[in-house]
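So you can see what is in the structure, the chains are spelled out below.
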Amino acid sequence: MIHLSHITKTLGATRAVDDVSLDVRNGEIVALAGENGAGKTTLMRIAAGEIDADGGSVNREGRAELVHQHFLLVDALSIAENLALTHRGFRFTTRRIIEREASAIIESTGIELRDGSRLVAELSVGERSKLELIKAIARKPSTLILDEPTSVLTPNETTELFRVMRRIAAEGAAVVFISHKLPEVLEVADRIVVMRGGRVIAESAARDTNVRDLANAMVGRITEQPSDRATAGRITAIVGVAGNGQAELAAKLRDEERDAGHIPEDRTRDGIVAEMTIAENLALKAKRWNAREAARHAERMIALYSIRASGPLQRAGDLSGGNQQKVILARELDRKPKRIVAAEPTRGLDIEATRFVHEQLRSAAVEGASILLITSDLDEAFALADTIQVIYRGRLSDPLTPSEAATRVASLMAGVA
Amino acid sequence: MRRFAVAVIAAAAAIVLLAFSGALFGHSPWSLLSIVASGSVGSRFALASTLLKSVPLLLTGLSVAIAFRAGVWNIGGEGQFIVGGLAALVASRFGIVASLAAAMLAGAAWASIASAMRLWRNAPEVLTTILLNFTAIHLLGWSVNGPLREHAGQYPQTDLAHVALPEIGGVHFGIVIALAASVFAWWLLYRTAAGLRLRATGLNPNAARWAGIRVGAQLARAMAISGAAAGLAGGIELLGVTHRLFERFAAGYGYSGIAVALLAQLHPLATIASSLFFGALVTGAGELQRAAGISAGVATFGQAVVILTLIVFEHVRADR
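Chains as they are written, first to last, in my numbering: chain A, 3 to 419; chain B, -7 to 312.
Treat the hints with care, as some may be off.
To be verified - Facing chain B, according to a computed beta carbon distance under 8 Å, are these residues of chain A, among others:
id, residue
1, ASP25
2, ARG27
3, GLY64
4, ARG65
5, PHE73
6, GLU258
7, ARG260
8, ARG271
9, GLY273
10, GLU277
11, LYS287
As the list claims (entries may be wrong) - Pairwise CB distance ranges, derived in the manner of DEER restraints:
id, chain 1, residue 1, chain 2, residue 2, range
12, B, ARG(-5), A, SER110, 38 to 46 Å
13, A, ARG201, B, THR184, 52 to 60 Å
14, A, ARG397, B, TRP112, 25 to 33 Å
15, A, ASN292, B, ARG(-5), 41 to 49 Å
Read the hints as simulated data drawn from the structure, not as lab findings. Remember, predicted model here, so these are calculated numbers, not experimental data. Note that beta-carbon positions come from the ideal geometry of N, C-alpha and C, so glycine has one too.
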């Protein structure tokens, strides 16, 4: 059982959790649904005691175990050794003892995972997530929290997971299931809590709700019309839950449309050469290179794009994220390309930098560029785009007008339409 | 400035360790140092030998510097040096220019075998270039024992090349070519768009790709230029120093280029100073062997110390 009352938590500049109260009773499965960044994981990390809240109170009865979205396993060790790491104190042992204990632990959880001597590195993703689950369940928690457990599972594995969840709940534990896949949420949970922007937006029993209502609650505010849309050029937004093929699409366009301006999703990995100066980074696409001319050009760009830098010869890697993004924008947009592909152009940027990036994309559109905006930020898509397409499992939906998208985007993103 | 200091420390560490390790064999460090100094720069003759050793080191050093700058791990300088020498010998009947051009082409082609395997089959060039070294060594061995064996048929070596590089005061003209090559390499890397793209690819291939740079082409280009420099080193060594080929023709110049380039922090102009240092080390070590009975192999020891010192500093920097 957990009892959360008036929890708040600020991470960086954002209020990740904003005055949330939530009870999860023993024997109950509660689903926590919401978009990326809605505050679900932060709230549950607070519930499990991994991080402290800034305000509010947490009451836990017994132990709470949080199974993370990413794996916390040692690849070079076997299944049995990984279990021994969490379940044994220090004492001398042998491989045979560890493996015998491991198979007893695995059996006690009722989850099938054969041959404890196999290395984690050799396991499938589904098997790794089973091992994470076994690690958590074996500690007999009174509250079990699963963060997006099904994102890497096959349908059969998902069914097996749900069976285990129901059994754990029947044995008297409280179970919390974080997910943005609404059909699953409806299938397994007794009660569904929807979060958006750090707050609880909706809460209801599973039998009293449906996918459409939940999707609308999750996405919110989509009936708002953007006010100052670009008119001359076209901005098409590709929206979707991360990992549905956006990165592959951007990489394909990068290789096919070499004359276009490309703004990569991961700016430190793909956008700038950290060891090079701003001037050099700006010149990467230039036909000619002359250090003096490049420095003069960089000075102009620093002024034009209000890049906060000590000068053209500053290392690009020393700039803040927002200013790195401005360097990339300056390089990609200043040549006035007819086509621009921008992937998550404002991810991790503060409000001012985000506004700046949006202005630049809008004015590029006004000047006649056609822009493809790949984003997981729906507000951004609705604020900028003339046309919206949803990407789900690598497939694009038909192009939608913003008003069509307002009613359909949520279910398309969840893969139920 | 810091990089310069690290290089000086590494070079100094090599000299100090060399001197004191001699003490283990009952020699006084100071007398060893003075032997090395007089044997490498102490006389007109010693200076000329140092310069002669420095020329191939400068070119193989440039070869490594250009490749490493582009993120291409060309360890195949030795093999490219050898095929450069072979091509220069075969083409020497057509004159000096043709001979050296053939050396560069052969080095570039030999190195490009590795980039082709990298681009089509993703075979790591670290391995393929080393394996191509062995191939080249055996190719040379077969040549000097078979088709290119001297007409006298007495030794496993070739006849003299048809041409030789002119000499100026005991040093062949290759030194001018090598100096020009290092200025060219500097100009290429730091004063052209092609060089900017090569360096960007070496520093962050992902960002280079997103900026529209054809990363595979950069790799192939860097490898070819690098191979041409090592091949040129082989051609110049043939026409300027050995005048014929034999099995030990390469004498480790290809591998030593790695130490030269690393000490120069991969900067083409600093490579000049670095090659002089190692040239002096090799010449001085030869004098040690004659005067003190210490194996000339200590020069290799000196190279190892330099590389290890640089690696230690590299890690200290990375840790902070």
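Right, here's what the structure says about each hint:
no.: 1; hint: ASP25; in the structure: 47 Å, violated
no.: 2; hint: ARG27; in the structure: 49 Å, violated
no.: 3; hint: GLY64; in the structure: 43 Å, violated
no.: 4; hint: ARG65; in the structure: 38 Å, violated
no.: 5; hint: PHE73; in the structure: 24 Å, violated
no.: 6; hint: GLU258; in the structure: 12 Å, violated
no.: 7; hint: ARG260; in the structure: 6 Å, holds
no.: 8; hint: ARG271; in the structure: 5 Å, holds
no.: 9; hint: GLY273; in the structure: 6 Å, holds
no.: 10; hint: GLU277; in the structure: 5 Å, holds
no.: 11; hint: LYS287; in the structure: 6 Å, holds
no.: 12; hint: ARG(-5)(B) <-> SER110(A): 38 to 46 Å; in the structure: 59 Å, violated
no.: 13; hint: ARG201(A) <-> THR184(B): 52 to 60 Å; in the structure: 56 Å, holds
no.: 14; hint: ARG397(A) <-> TRP112(B): 25 to 33 Å; in the structure: 32 Å, holds
no.: 15; hint: ASN292(A) <-> ARG(-5)(B): 41 to 49 Å; in the structure: 25 Å, violated
The structure shown violates the earlier hints numbered 1, 2, 3, 4, 5, 6, 12, 15.
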